[in-house]
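Top to bottom, those sequences are chains A and B. Position 219, counted from 1, in the first sequence is what my numbering calls 219; the numbers after and before it change by one each time, with no gaps. Position 167, counted from 1, in the second sequence is what my numbering calls 167; the numbers after and before it change by one each time, with no gaps.
Hints were generated in silico from the structure; no laboratory data involved. Each hint should be verified, as a subset may be incorrect.
Said to hold, decoys possible - List time: in silico DMTMM-like cross-link candidates among lysine to aspartate or glutamate, alpha-carbon distance up to 20 Å:
id, chain 1, residue 1, chain 2, residue 2
1, A, Lys146, B, Glu61
2, B, Lys155, A, Asp209
3, A, Lys96, B, Glu107
4, A, Lys146, B, Glu70
5, B, Lys133, B, Glu49
6, B, Lys78, B, Glu61
7, A, Lys107, A, Asp121
8, B, Lys155, A, Asp81
9, B, Lys155, A, Glu213
10, B, Lys78, B, Glu99
11, A, Lys34, A, Asp209
12, A, Lys169, B, Glu38
13, B, Lys78, B, Glu64
14, B, Lys155, A, Glu67
15, A, Lys169, A, Glu88
16, A, Lys146, B, Glu107
17, B, Lys155, A, Asp237
18, A, Lys107, A, Asp81
19, A, Lys146, B, Glu64
20, A, Lys169, B, Asp120
21, A, Lys34, B, Glu38
22, A, Lys48, A, Glu170
23, B, Lys155, A, Asp239
24, A, Lys34, B, Glu107
Stated by the list, open to error - In silico negatives: residues of chain B with every beta carbon more than 12 Å from chain A:
id, residue
25, Gly15
26, Phe24
27, Phe36
28, Val82
29, Leu105
30, Asp120
31, Leu124
32, Pro154
33, Pro170
Please read all numbers here as calculations on a predicted model, not as lab measurements. Cβ coordinates follow ideal geometry from the N, Cα and C atoms, glycine included.
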Amino acid sequence: MNISRRQILILLPAAAVAWKSVLAGSPEDAPNYKMSDHWWSMLIDISKCIGCGNCVRACQTENDVPEGNFRTWVERYHVSDENMTEPEVISPKGGKDGFPVAQEDGKKYFFVPKMCNHCADSPCTQVCPVGATFISPDGVVLVDQKYCLGCAYCVQACPYGCRYIHPQKEVADKCTLCYHRITQGLTTACCEACPTGARQLADLKNPKDPIHEFLKTHNVQVLKPQMATGAKVFYNDLDGSVR
Amino acid sequence: MSVFKDAGHLFRFAGLFVLAFLIFLVVRHYVVPKSFGEYGHYRGAAMGEIAAHPAKFAGHETCEGCHTEEATKKQAGKHAQVNCEACHGAIYRRLPAPEQPKPNLYERFVALVVKPAPPDPPLLRHAEDPTVKPELPDTAVLCARCHTASAAKPKGFPQVDPAEHYPGPPCGSCHQPHSPAMDGGGVK
Chain A
1 MNISRRQILI LLPAAAVAWK SVLAGSPEDA PNYKMSDHWW SMLIDISKCI GCGNCVRACQ
61 TENDVPEGNF RTWVERYHVS DENMTEPEVI SPKGGKDGFP VAQEDGKKYF FVPKMCNHCA
121 DSPCTQVCPV GATFISPDGV VLVDQKYCLG CAYCVQACPY GCRYIHPQKE VADKCTLCYH
181 RITQGLTTAC CEACPTGARQ LADLKNPKDP IHEFLKTHNV QVLKPQMATG AKVFYNDLDG
241 SVR
Chain B
1 MSVFKDAGHL FRFAGLFVLA FLIFLVVRHY VVPKSFGEYG HYRGAAMGEI AAHPAKFAGH
61 ETCEGCHTEE ATKKQAGKHA QVNCEACHGA IYRRLPAPEQ PKPNLYERFV ALVVKPAPPD
121 PPLLRHAEDP TVKPELPDTA VLCARCHTAS AAKPKGFPQV DPAEHYPGPP CGSCHQPHSP
181 AMDGGGVK
């Protein structure tokens, strides 16, 4: 095909205008943030969690989470040597107001903060009948609340119990990994409020992110790896009794 | 004599199909949101809408921009890694929601498919308007949240039994929370 110089000069600006209209209104067009440069995840260090509940409160404040529902919560495990497979787990008000004082009784105690695992092969997005929940190009599982019907298939499908139906909006709601913050270069509200650094936002596509060194040098696991969900919330020092 | 002599009814039927298909295309154009399918089987614009939610926690970098004295003191002490809003919380005030214009006929039609969600009410944060004042945290409650002794906490974490440690006035009367060693001389 022969295209004259004149034709190219006419076509180029037209192509630029067309491309601009494709990008318009999408976050890719947001200044300083390029979705394709990120693949978000979270690191939770069990050995640092003190069960103060700061993360739960911060999340509820930042995201207007309705009372009685949780986008993140903290569980306290109490495990005996004799029966490791049946730990006693408590999470009063999601750990929002802390936990009752535990007395030394020879058994093992630890806290496990939980949240959406932002799975790469997420079961919740696969069951949505209308395309209202999806994995964004930067690896965050989100809900389009304008499109959601509130059928709750995703609530049933999540193996981690991370979703709920918003009592007022009557649509599915869940952790957005503070998408409104991370796209502005801020960390999540739970990470910002954690006093011990037990939670760290991590970007797996950023070669300079300390997560890479941490994953190489520590015993890190994800929850329910047998379900092959591609969970991206990594737990350091995770006990085998945690389900 | 045409070979299509007896096929008129087939053409009329095909014409109906073409008409139905055109109507389908027109309806589809109006009911499928513009950005649906831009990145996958979802509305691409949803990401921009979620990203537009106002942030309430300003981030410690924002606080440290003005409160340099506290930041320096904190940096030198045991609470160097504790972010400002871990104790002070997010400091903001909600503004009244602006009145929404009445939806026109087309918007009401779209609303049958895409539910209009009420927009987030605007916020005014302490970082933007210093008259939005924080409450001074009660150190008796605040410090106890993290430092009350419990067998469930990591062994290396500093913990005390508040009743036994000092049953008198709140922690802030001896410890300066930004740098909690005893020489801090209490809350200033």
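Which earlier hints can't be squared with this structure?
Hints 1, 2, 3, 4, 5, 7, 9, 10, 12, 14, 15, 19, 22, 24, 27, 28, 30 and 32 not satisfied by this model.
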